[in-house]
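S.K.: Go ahead and model the full structure; you've got the sequences and the hints to work with.
Chains as they are written, first to last, in our numbering: chain X, 46 to 127; chain E, 10 to 334.
Keep in mind the hints are simulated off the structure, nothing from the lab. Fair warning: there could be bad hints in the mix.
Distance ranges between label pairs, derived from CB positions [stated by the list, open to error]:
hint : chain 1 : residue 1 : chain 2 : residue 2 : range
1    : X       : Asp80     : E       : Arg286    : 46 to 56 angstroms
2    : X       : Lys68     : E       : Pro63     : 53 to 63 angstroms
3    : X       : Gly115    : E       : Thr82     : 22 to 32 angstroms
4    : X       : Glu47     : E       : Ala230    : 53 to 63 angstroms
The calculated DSS-like cross-link candidates involving lysine-lysine, where the alpha carbons are at most 30 angstroms apart (straight line), are [as the list claims (entries may be wrong)]:
hint : chain 1 : residue 1 : chain 2 : residue 2
5    : X       : Lys50     : E       : Lys38
6    : X       : Lys68     : E       : Lys303
7    : E       : Lys38     : X       : Lys68
8    : E       : Lys100    : X       : Lys50
9    : E       : Lys303    : E       : Lys100
10   : E       : Lys280    : E       : Lys262
11   : E       : Lys88     : X       : Lys50
12   : E       : Lys88     : X       : Lys122
13   : E       : Lys279    : E       : Lys38
14   : X       : Lys50     : E       : Lys97
15   : X       : Lys123    : E       : Lys88
16   : E       : Lys262    : E       : Lys248
All values reported here derive from a predicted model rather than from experimental measurement. No residue lacks a Cβ here, since even glycine has one placed at the ideal position from N, Cα and C.
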Amino acid sequence: MEFEKIRDVILSQMSAAGGNITKEMITPETDFVTDLGADSLDVFQIITELEEVFEFEFDDSAVDQIRTVGDAAEYIKKVLES
Amino acid sequence: MKTVIALDAMGGDNAPKAVVEGAVLAVEKMDVAIKLVGNKDVIAPLLAATTKSPHLSILHAPEVIGTDEIPTTAIRHKKQSSIMIGLKTVKEGFAAGFVSAGNTGALLAAATVVVGRQPGIERPALGVLLPNRKPSGEPGATLLIDCGANMDCKPLYLAQFAKLGADYLTKVRGLKNPTVGLINVGVEREKGNTLAKEAYELLETADVNFIGNVEALEIPAGAVDVAVCDAFVGNVVLKYTEGFAKNFMYMLKDELTADVRSKIGALISKKAFGRMRQRFNQDEVGGAPFLGLKHLVVKAHGNSNAVAICNAIRQCVLFEQAEQG
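M.R.: See below:
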């Protein structure tokens with residue numbers, strides 16, 4: 046469930062930025078930078094949107110550790126369960 | 010009806026005093042109403058001491074993003090900052106544009122998130138008008154884009170900057186089919202780094218009047234209407250131009266006051282030198298618009314004085330008038 050929401054946020058943000066990203070390209074192993082071509086501003090926008098969708102603020106230290114879609118999903122799951 | 014502009018009262022080296030003074034100047038000179046965004050406890054006394062104009066109001070924003078703060082971190086944690094609240098005001102339609110002399114990176118990131126990009130635009134870019142002397146001898150201007158927003162660019166970004174710049178000149182300054190050049194170290198197409206070579210190929214097929222590479226020395230000669238580059242190159246060109254222009258005037262002054270004959274000549278030519286100074290004065294330009302956003306955001310120089318702030322507001326008004334047709 047969380048993963049689908051995360052995927053939708055990524056798709057929406059990267060499409061708005063003009064990227065040709067498809068659903069199939071987004072898996073837990075997908076790296077934001079190397080696989081999706083995202084830069085720091087793209088990642089920032091995705092994190093900001095995820096904060097809106099899941100209604101909590103990410104820790105700065107957690108943001109620094111997020112490299113893949115799976116990293117983001119795991120962190121969100123951990124916070125929601127705590 | 011007056012154009013309403015939101016102004017970051019807390020941004021810039023000389024804020025809030027110079028910003029408030031700039032706002033006061035603007036309402037005196039233009040048909041504009043200004044919302045000063047910032048800490049009301051700081052702004053209110055400054056305003057009260059200067060004016061009673063009903064066209065100036067305060068929009069309270071208790072937080073400030075400093076110039077030394079990491080943009081993305083600051084934006085995430087300072088939702089009540091003058092930059093964030095000012096941008097929301099524009100997004101929600103309570104102001105036609107937002108002017109800030111604050112942290113450029115924070116303004117770019119916040120504007121991208123809050124105001125949003127135009128459809129299909131990967132990155133908004135800063136465009137600034139540099140004075141030039143057209144081949145005909147007339148004074149003109151070249152739009153330098155990007156001069157400060159995107160340090161690391163993809164070739165596609167440069168092609169999009171070209172289109173944004175050309176559209177801006179057409180819409181706001183009434184230029185027909187403005188020429189576009191790619192700033193490079195030589196005019197031949199094979200010159201430059203990988204970014205320049207790949208951008209050149211994209212520009213050849215882009216929907217702009219691309220005339221090829223342009224060397225920086227040709228910009229003051231009016232070789233192109235739009236000079237495209239990444240922000241690293243653009244900012245170096247911009248800062249060098251500003252520094253050179255300022256010091257050129259000092260050098261000229263040194264020579265003109267060196268002996269009696271020169272002093273007499275200088276006295277006779279005083280008006281001409283004044284006009285020259287005005288053509289190069291960065292305060293006369295005021296600010297650079299972020300092109301590619303859904304709404305108008307203008308970045309004023311970090312060390313803006315009251316005149317520069319007033320002229321940045323003027324840019325907003327001109328842009329808004331052009332938008333309204």
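S.K.: Give a verdict on every hint.
M.R.: A quick look at each hint next to the structure:
For the pair Asp80 (chain X) and Arg286 (chain E), the beta carbons lie near 53 angstroms from each other, so the given range of 46 to 56 angstroms is met. Against the hinted window of 53 to 63 angstroms, the Cβ-Cβ separation of Lys68 (chain X) and Pro63 (chain E) comes to about 54 angstroms, which satisfies the hint. The hint said 22 to 32 angstroms for the Cβ distance between Gly115 (chain X) and Thr82 (chain E), and at roughly 23 angstroms that hint holds. For Glu47 (chain X) and Ala230 (chain E), the hinted distance range of 53 to 63 angstroms is satisfied, since their beta carbons lie about 58 angstroms from each other.
Distance check on the hinted pair: Lys50 (chain X) and Lys38 (chain E) sit about 51 angstroms apart at the alpha-carbon level, beyond 30 angstroms; violated. In summary, the hint linking Lys68 (chain X) to Lys303 (chain E) is supported, as the alpha carbons are separated by about 26 angstroms, within the 30 angstroms threshold. A distance of roughly 53 angstroms separates the Cα atoms of Lys38 (chain E) and Lys68 (chain X); the hinted pair therefore is violated under the 30 angstroms criterion. Only pairs whose Cα atoms come within 30 angstroms are accepted, and Lys100 (chain E) paired with Lys50 (chain X) is accepted, the gap being roughly 25 angstroms.
The suggested pairing of Lys303 (chain E) with Lys100 (chain E) holds, with an alpha-carbon distance near 8 angstroms, which does not exceed 30 angstroms. A threshold of 30 angstroms between alpha carbons decides the hint, and for Lys280 (chain E) with Lys262 (chain E) the separation of about 14 angstroms falls inside it, so the pair holds. With a CA separation close to 24 angstroms, the supplied pair Lys88 (chain E) and Lys50 (chain X) stays within the 30 angstroms bound. Pair hint Lys88 (chain E) plus Lys122 (chain X) holds up; C-alpha atoms about 25 angstroms apart against a cutoff of 30 angstroms.
Of the supplied pair hints, the one linking Lys279 (chain E) and Lys38 (chain E) holds, its CA atoms being roughly 26 angstroms apart against a limit of 30 angstroms. Using a Cα cut-off of 30 angstroms, the hinted pair Lys50 (chain X) and Lys97 (chain E) holds, with the two alpha carbons roughly 25 angstroms apart. Proximity of Lys123 (chain X) to Lys88 (chain E) is assessed by CA-CA distance (about 25 angstroms); at most 30 angstroms being required, the pair is judged to hold. Between Lys262 (chain E) and Lys248 (chain E), the direct Cα distance comes to roughly 21 angstroms. Compliance with the 30 angstroms bound is thereby established for this hinted pair.
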